[in-house]
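Enquirer: Taken in order, these protein sequences are the chains called A and B.
Going left to right, the first sequence walks through residues 1 to 171 as UniProt numbering numbers them.
Going left to right, the second sequence walks through residues 1 to 349 as UniProt numbering numbers them.
Check the hints yourself; a few may be wrong.
Mimicking DMTMM-like on lysine to aspartate or glutamate, the simulated pairs with C-alpha atoms at most 25 Å apart in a straight line are [to be verified]:
id	chain 1	residue 1	chain 2	residue 2
1	B	346	A	140
2	B	346	A	134
3	B	140	B	228
Rather than coming from a laboratory, the hints here were simulated on the basis of the structure.
Bear in mind that the values here come from a model prediction, so they are computed numbers and not experimental data.
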Amino acid sequence: MLAEALVAQNIAFGIIATVMIVGAFRVVTSKNVVHAALWLVCVLAGAAAQYLLVYAEFVAITQILVYVGAVMVLFLFGVMLTRARIGNESELNNKNWSLGIPVALVLFAAMAIALVGGFKDEQLPAPSKAIRIDTQSISDTIFTPYLLPFWALSFVLLIAVIGAIVLARKD
Amino acid sequence: MMIALTFPYWAQSLLRVLGGLVAVLLPAGTIVYVFLFKMMSFMQSRLGPMEAGPYGSMQLFAEVGKWLQKEDIMPERADHSIFRIAPLIVLASTFLLVAVVPFGPDAWFTNFETGVFYALAVSSISVLGILIAGWSSANKYSLLGGLRAAGQLIAYELPMVLAVVGVVIQAGTMNMQQIVVAQNAGEIFGWNGLGNPYILTQFIGFAVFMVAVQAELTQAPFDMPIAESELVSGYMTEYSGFRFLIFFIAEFATAGVFALIASVLFLGGWGVPFSWFGWHGMGDVSNWMNIVGPLIMFTKMMGLVFLIMWIRFSYPRFREDQLQRFAWKVLIPVSLVNIMLTAVLKVVF
Chain A
1 MLAEALVAQN IAFGIIATVM IVGAFRVVTS KNVVHAALWL VCVLAGAAAQ
51 YLLVYAEFVA ITQILVYVGA VMVLFLFGVM LTRARIGNES ELNNKNWSLG
101 IPVALVLFAA MAIALVGGFK DEQLPAPSKA IRIDTQSISD TIFTPYLLPF
151 WALSFVLLIA VIGAIVLARK D
Chain B
1 MMIALTFPYW AQSLLRVLGG LVAVLLPAGT IVYVFLFKMM SFMQSRLGPM
51 EAGPYGSMQL FAEVGKWLQK EDIMPERADH SIFRIAPLIV LASTFLLVAV
101 VPFGPDAWFT NFETGVFYAL AVSSISVLGI LIAGWSSANK YSLLGGLRAA
151 GQLIAYELPM VLAVVGVVIQ AGTMNMQQIV VAQNAGEIFG WNGLGNPYIL
201 TQFIGFAVFM VAVQAELTQA PFDMPIAESE LVSGYMTEYS GFRFLIFFIA
251 EFATAGVFAL IASVLFLGGW GVPFSWFGWH GMGDVSNWMN IVGPLIMFTK
301 MMGLVFLIMW IRFSYPRFRE DQLQRFAWKV LIPVSLVNIM LTAVLKVVF
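For reference, chain A alone in the conformation it holds in the complex (with noise of 0.2 Å):
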């Protein structure tokens, strides 16, 4: 039996959607780097969007807070502080772009398997059930079935800050 059509939801899914593969292809196509960042801008806060739809809030503000606040900023600060240029660069592009292609289709092919063999046509249920995927539940699973990932997760992140003060320091 079909659930109750989430209509807002399914039409605001597809105005994001859209906004998100325009923006995709911007970021390949855009002659000035800040250009497209600042379309990456727009496919991340996107994609929180999308959380936020589904009802998962922490993960959409932890895809705001980390993409959109911090790696972005980092990102647009690199560019700005070596090389970005107001107007278009010609020579943006890697000559083997083309690579790119088949990369992408093949990963698109893994994630749509995986995504439709994982939920099959399972549906999310109507917003008056209230779910929620709460805080409390997502602290739980991670601190305890995945503790041991998550302490490998940060000891890699660890080690990664530890070596760029390494390459960083000049004595």
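Dock chain B against chain A, hints included.
Expert: Frame of chain A; chain B shown alone:
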């Protein structure tokens, strides 16, 4: 709840949008007049604006009118579309930020479960606007100002987040409403006459948070990004007329909103200690708090902004390296220790 039941959804949404406009523009205007025009003048033994309206209270309208009718000037070699978007991104961040502040038991715009986290996330969006404002102006002073601002805002965002963690641990929730309730229903060693405002138990967190707010707002002594003696006006150099007005409103509105958030986190928000009226939890709070709550919030906001402005008018500017060192070597370690202490004490009590 009474209000929520009598209006249809579209009217509620409209009311919330209007309420958001008021919650952003009213504090901004009040802060500029009371502190920037009057308090600074009194501290410098002068009267400040006196001509427009009684005691110059209409001065702000005159200023806004002046900015609105100015010519819209843009450098010829600027990146025009981005130059136009940049101030809007900064202002949008302010509006997103106010959406999460509760003003009363039912007087809120959104009641996110992870409200504090949301506030910290959207406040970082303004950095993006500042960076691209500096870059798109095609001016070396602007670019330097933008880069300095980004470096500073990234550095001070960390102590701010870490300072909030202490409050979240103590309240056991990230929801702004529940943080307010936890403070007003709390008690200090069995005495509940004052509730338990977290400024007492989280004073280190409060101090770190307010310093970080000062830096996030790029108010002196953290105004290196717009240092007028070396960078003209930093990332705002090329902006004039209404585009500058947007930056200006965003600066003081964000000051107000950050003060509101600080008053929710540390000063008990809209609430009065619940024991005064025999309330026990959210369910008992009377409806009149929806009217009194915003006034209480406004009073607390004015107090905190007074602190911010007092420091702004009193201290000379930090040097760039001092500023970065202060964030990374003082504030972050202090707030980490605060988190550890809070966690230990939370388990003990």
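Enquirer: Among the hints numbered above, which are violated by the structure, and what are their numbers in rising order?
Expert: No numbers; nothing is violated.
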